[in-house]
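In order, the protein sequences belong to chains A and B. Residue numbers for the first sequence, in our numbering: 1 to 436. Residue numbers for the second sequence, in our numbering: 1 to 557.
In short, the hints are calculated from the structure, not lab data. Glycine included, every Cβ here is placed at the ideal spot set by N, Cα and C. Where hints are given, some of them may not hold.
[Stated by the list, open to error] No farther apart than 30 Å at their CA atoms in a straight line, the calculated lysine-lysine pairs in the DSS-like style are these:
hint, chain 1, residue 1, chain 2, residue 2
1, B, 289, A, 97
2, A, 53, B, 350
3, A, 53, B, 112
4, A, 259, B, 541
5, B, 524, A, 7
6, A, 53, B, 289
7, A, 419, A, 402
8, A, 311, B, 112
9, B, 56, B, 93
10, B, 112, B, 153
11, B, 415, B, 385
12, B, 206, A, 7
13, A, 3, B, 386
14, A, 229, A, 73
15, A, 97, B, 153
16, B, 284, A, 3
17, B, 153, A, 53
18, B, 503, B, 550
19, A, 53, B, 284
20, A, 53, B, 485
21, A, 7, B, 289
22, A, 100, B, 378
23, B, 93, A, 3
24, A, 73, A, 366
25, B, 541, A, 53
26, B, 93, A, 259
27, B, 289, A, 3
28, B, 485, A, 309
29, A, 7, B, 284
30, B, 112, A, 3
31, B, 284, A, 73
32, B, 485, B, 524
33, B, 350, A, 100
34, A, 311, A, 366
[Stated by the list, open to error] Here are a few chain A residues that face chain B, going by a calculated C-beta distance under 10 Å:
hint, residue
35, 10
36, 13
37, 44
38, 53
39, 72
40, 186
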Amino acid sequence: MLKASNKTGLVFFPAFDWAIDPTHPEREERLLYTQDQVVEEGIFDIQGIIEYKPELVTARDIQRTHFCVPDEKSMTTESHFISAGGAIAIANAVMNKEVKNGFALVRPPGHHSMRVTHGGRGFCHINIEAIMVEYIRSQFGVKKIAIIDTDCHHGDGTSDIFWHDPDVLFISLHQDGRTMYPGTGFPDELGGPNSKGSNLNIPLPPGTSTEGYLYVIRNCILPILAEFKPDIIVNSAGQDNHYTDPLTNMNFSAQGYAKLTDLLKPDIAVLEGGYAIEGALPYVNLGIILAMAGIDYSGVVEPDYNPEKLKQSVSITDKIKKTTDQINDYWQQRNGFREKSGKPGELVIRHKEVFYDTDNIFERQKETIRICRDCGGSFEIDSKATPGHHILGVHIPINACKNCREKGYDFFEEADKTKYERIYLQDRPKNHYEIK
Amino acid sequence: MIIGLDVGGTHTDAVLLSSKGIEKKVKVPTDPSNLFNSVLSGFTELLATIDPGMIKRVVISTTLTTNALVHQDMGPIGMIVSAGPGINPDFFKTCDHYYSVAGSINHRGREKAPINKMEIEDIAKKLKKAGVKYIGVVSKFCVRNPSHEILIKRILNKHFKKIFLGHHVSGNLNFPRRIATTHLNAAVFDLHKAFFQAVKKSLIEKGLTIPIQILKADGGTMTLESSMDFPGQTVLSGPAASIMGAIPHAPANQDVIVLDIGGTTTDIAFLVDKAPLLEPVGIKRGRYKSLIRSLRTDSKGIGGDSTLRVNQGELFIGPDRQGPAMAFGGPAPTPTDALVVLGVMDEGDKDKARSGIHEIAKQLALSDTDAAEQIFKKCCSVILKKTFEMVDQLNSQPVYTVHDFLEGYKLSPQKILVLGGPAKFFAKKIEELYQIETMAVPESSVANAIGAALARTTCEVSLNADTEQGIMTAHEEGFAEPISKTYSEDDLIETAYSLLREKALNSGADTENLDEVEVIEFQKFNIVRNFSPRGKIYRTKIQLKPGLIKGFETVLH
Ligand SMILES: [Zn+2]
Ligand SMILES: [Zn+2]
Ligand SMILES: [Zn+2]
Chain A
1 MLKASNKTGL
11 VFFPAFDWAI
21 DPTHPEREER
31 LLYTQDQVVE
41 EGIFDIQGII
51 EYKPELVTAR
61 DIQRTHFCVP
71 DEKSMTTESH
81 FISAGGAIAI
91 ANAVMNKEVK
101 NGFALVRPPG
111 HHSMRVTHGG
121 RGFCHINIEA
131 IMVEYIRSQF
141 GVKKIAIIDT
151 DCHHGDGTSD
161 IFWHDPDVLF
171 ISLHQDGRTM
181 YPGTGFPDEL
191 GGPNSKGSNL
201 NIPLPPGTST
211 EGYLYVIRNC
221 ILPILAEFKP
231 DIIVNSAGQD
241 NHYTDPLTNM
251 NFSAQGYAKL
261 TDLLKPDIAV
271 LEGGYAIEGA
281 LPYVNLGIIL
291 AMAGIDYSGV
301 VEPDYNPEKL
311 KQSVSITDKI
321 KKTTDQINDY
331 WQQRNGFREK
341 SGKPGELVIR
351 HKEVFYDTDN
361 IFERQKETIR
371 ICRDCGGSFE
381 IDSKATPGHH
391 ILGVHIPINA
401 CKNCREKGYD
411 FFEEADKTKY
421 ERIYLQDRPK
431 NHYEIK
Chain B
1 MIIGLDVGGT
11 HTDAVLLSSK
21 GIEKKVKVPT
31 DPSNLFNSVL
41 SGFTELLATI
51 DPGMIKRVVI
61 STTLTTNALV
71 HQDMGPIGMI
81 VSAGPGINPD
91 FFKTCDHYYS
101 VAGSINHRGR
111 EKAPINKMEI
121 EDIAKKLKKA
131 GVKYIGVVSK
141 FCVRNPSHEI
151 LIKRILNKHF
161 KKIFLGHHVS
171 GNLNFPRRIA
181 TTHLNAAVFD
191 LHKAFFQAVK
201 KSLIEKGLTI
211 PIQILKADGG
221 TMTLESSMDF
231 PGQTVLSGPA
241 ASIMGAIPHA
251 PANQDVIVLD
261 IGGTTTDIAF
271 LVDKAPLLEP
281 VGIKRGRYKS
291 LIRSLRTDSK
301 GIGGDSTLRV
311 NQGELFIGPD
321 RQGPAMAFGG
331 PAPTPTDALV
341 VLGVMDEGDK
351 DKARSGIHEI
361 AKQLALSDTD
371 AAEQIFKKCC
381 SVILKKTFEM
391 VDQLNSQPVY
401 TVHDFLEGYK
411 LSPQKILVLG
421 GPAKFFAKKI
431 EELYQIETMA
441 VPESSVANAI
451 GAALARTTCE
461 VSLNADTEQG
471 IMTAHEEGFA
481 EPISKTYSED
491 DLIETAYSLL
501 REKALNSGAD
511 TENLDEVEVI
521 EFQKFNIVRN
531 FSPRGKIYRT
541 KIQLKPGLIK
551 GFETVLH
């Protein structure tokens, strides 16, 4: 009799009637073969695996995370509300201890979606993990969260959202940005002045195989997690590292994904990318589910899997070792970096440009943050999109100190109403959102 | 005239119906060690004064396979499964002679690894040596491509009496359930065949020569001949018989709860516009999970003969039964005794009932009447609580499209139909307590036999088309045909209808009861590779809904 040794929650929402457009990789049939495999394996009959129905998020849930320009409705379809709601359904099941861990197999994905969102980027409109993380923090008072993004693309949206947050450790491993969309995610991108080192990027050379991925998990991510001691671990479980993925150049496998999950032991996994819908996703998803549930996954092997052909070269192995050494070094220096980034009370300005490839929008940002040693620091973002709107967003972090809370209101009150179409206030301590 | 006969756990009920209504009803005790005798004595009594030539239809429902499943009295069966990548198939082991073999088919139905003929030959030798006569063969994704099962059967054919193939069981995916279901069919085949051949023979001797129909777990019927390939489908047809018997009294266009209150348990089911809800995948009872189509029923261990107890001032009802109510000579107080004490029920020995209830009342520090009232109310509330938990569960079932998520059907029952011995007492009380229209089904004690008599033939067809591969298939029906690039949704539905019609007629449906067809699933996907469309996948599932044959319903009012 088959029984899960970990009670595992699953949300399966393949959105069989939703696509970005008919031939887009992010389209109706993406999870069809995964569903076939999972149903044929009898996954939902296994004792200890519980299927949940997605919830439906509201604009309020999105407002904890995003400044949607001009508003949430114009940025999303129902499918986004259900996809984010799928992640939240799993979060509820895990946080209420109905299950030990959970996996939201939902679409559309979200990890390229940033705090300010003027449209679609990399198939994403709103960031479903970030919405879930902010929900967990507001609803359950959890302080420290680690997000490990194992999608093959840099999780630049999630990185942006938690850039200034010392309580959220965000680690992305991905194919080197010099060879892959979105072209960011280099080791020296480490987070904002108050949170340096809580944003870690591990670019991997094209051709990295299972060996390389597991090396990074064992020698970099697990030790860092052990030091950070998160209350929960979230895995942005993109599946586009697979050796058959049409959009990437990596050599990861279903066995590798299962092993990675087994090592990482995420409390919550959320599906991100992965576009080898026939040859990879059915096996990778099955492997992840079994690994989470603590069931033997050794039989989950792609029919054409040949580990000899997928072996990585010695030079790739060397490069990966160098990168992880560097990341470990940065992680150890994080407190020193924060000390050197400025005096408390000072304002630091950063300029940033964002391109929305899905919707063809160009955005320029000017961000001003208060240096603080007691919290992540309040900040304002002046954002102008072409074509689009010119807005100002003010964010007060959830664990803000008194000074930063006051500074946040100063930003909001002093903002020049003639300059911006809209001025947004995201007051996380009060769970309050306001537009003027 | 038509006959329905239902062999239940304690009674065998039979009715004779004509266009004027119930002509005759019979109740004989069931002898669990000799079900054949129970069936026979039912027929003997029913036909005593009737010309068998007037009988146009006979439907039988028995607990034969259910008992076999419960008591595990099945002959040695050989199982050969071919899994390919995925969960280790040894987890789904059904019996001692269980072999997992080479070969792999993927989710699109493409062969990924071949069958090893030598391996199968070797297993055949071992099975023969072990005296195995019946074999089940199941390959993963056989519903997409059954060629491996067919090949294995071809190798085994000369050695064994009968071979059951997984893809004949159902068009649904679920490898572990398909293994369990194929095994069940093989395991009860001998028993089923011997039993019904004996029944058929003795009915012919009585002059009844029309084809015999057998009730299935989904509340539909099939002919005796077609049951030989799927004897497992008769498992748990008992609850189905009763629920079908409630349908004549259900209003159209409404959601209705059906409660069948028996001695030990209460079965709960739902009707939507006079059609019973079905299990989405197949029968599930505890650990046993199958692909057998079945009505969606659940049961709660509470009934008229449930044992009453008080523990630390709290009243407990069931789930065990020690015997009949004390009012009828039983050993322990029961809800039926409470009904007698309250004067709600006239039958039974009042003094004995009161003495039982008095023991309970003392422990609850209540008067006998107050205690009886509390027992009665608690029975109603336990049953209704379970019922509404089921409604919530049905309404929170996962769905896979945005449309179904936002606009999916929500069950909201407006009426309750109650069956079983104490139906009329309970109906009144439930209505009083819950303000929901509640009615005891007339002739409730033989509603099961009426349900069997009136159940129409049901069946289901799954048809898939893949324009990239240029083929449409309904492997369960042994159907596969090439299609062109211009193949459309309409073509698919048309083919599905004609396959369903053919299947229904082969299973004994008559032409005037073929119109209640329903598309239960339809999906359409573009196959895109490298940003260009390569074809379409269509999937549909249609069914002949469970329901009643025409011409008898109104006479039962
Ligand atoms: Zn990543
Ligand atoms: Zn990706
Ligand atoms: Zn601060």
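For the hint on residue 53 (chain A), just tell me whether its beta-carbon gets within less than 10 Å of chain B. holds (5 Å)
Between residue 56 (chain B) and residue 93 (chain B), does the CA-CA distance stay at or below 30 Å? Violated. Residue 56 (chain B) to residue 93 (chain B) sits at ~44 Å, over the 30 Å cutoff.
Taken at face value, is the distance from the CA of residue 402 (chain A) to the CA of residue 419 (chain A) at most 30 Å? Holds - the C-alpha atoms of residue 402 (chain A) and residue 419 (chain A) are around 28 Å apart, at most 30 Å.
Regarding the hint that residue 72 (chain A) lies at the interface with chain B, is the smallest CB-CB distance below 10 Å? This interface hint is violated because 17 Å lies over the 10 Å limit.
Taking only the CA atoms, is the gap from residue 97 (chain A) to residue 153 (chain B) under or equal to 30 Å? violated (48 Å)
Check whether the Cα positions of residue 53 (chain A) and residue 350 (chain B) lie no farther apart than 30 Å. violated (52 Å)
Is the Cα-Cα distance between residue 7 (chain A) and residue 289 (chain B) 30 Å or less? With a Cα-Cα distance of about 20 Å, the restraint between residue 7 (chain A) and residue 289 (chain B) holds, given a limit of 30 Å.
Restraint status (C-alpha distance of residue 112 (chain B) to residue 153 (chain B) at most 30 Å): Within the cut-off at roughly 19 Å; holds.
Does residue 7 (chain A) sit within 30 Å of residue 206 (chain B), going by the straight-line distance between their CA atoms? Violated. Residue 206 (chain B) to residue 7 (chain A) sits at ~58 Å, over the 30 Å cutoff.
Within 30 Å, alpha carbon to alpha carbon, are residue 53 (chain A) and residue 112 (chain B)? violated (34 Å)
For the pair supplied as a hint, residue 53 (chain A) and residue 485 (chain B), is the alpha-carbon distance within the 30 Å limit? violated (37 Å)
Given the hinted pair residue 311 (chain A) and residue 112 (chain B), is their Cα-Cα distance within 30 Å? holds (23 Å)
Checked against the numbered hints listed earlier, the structure breaks hints 2, 3, 4, 5, 9, 12, 14, 15, 17, 20, 22, 28, 31, 33, 34, 39, 40; every other hint is satisfied.
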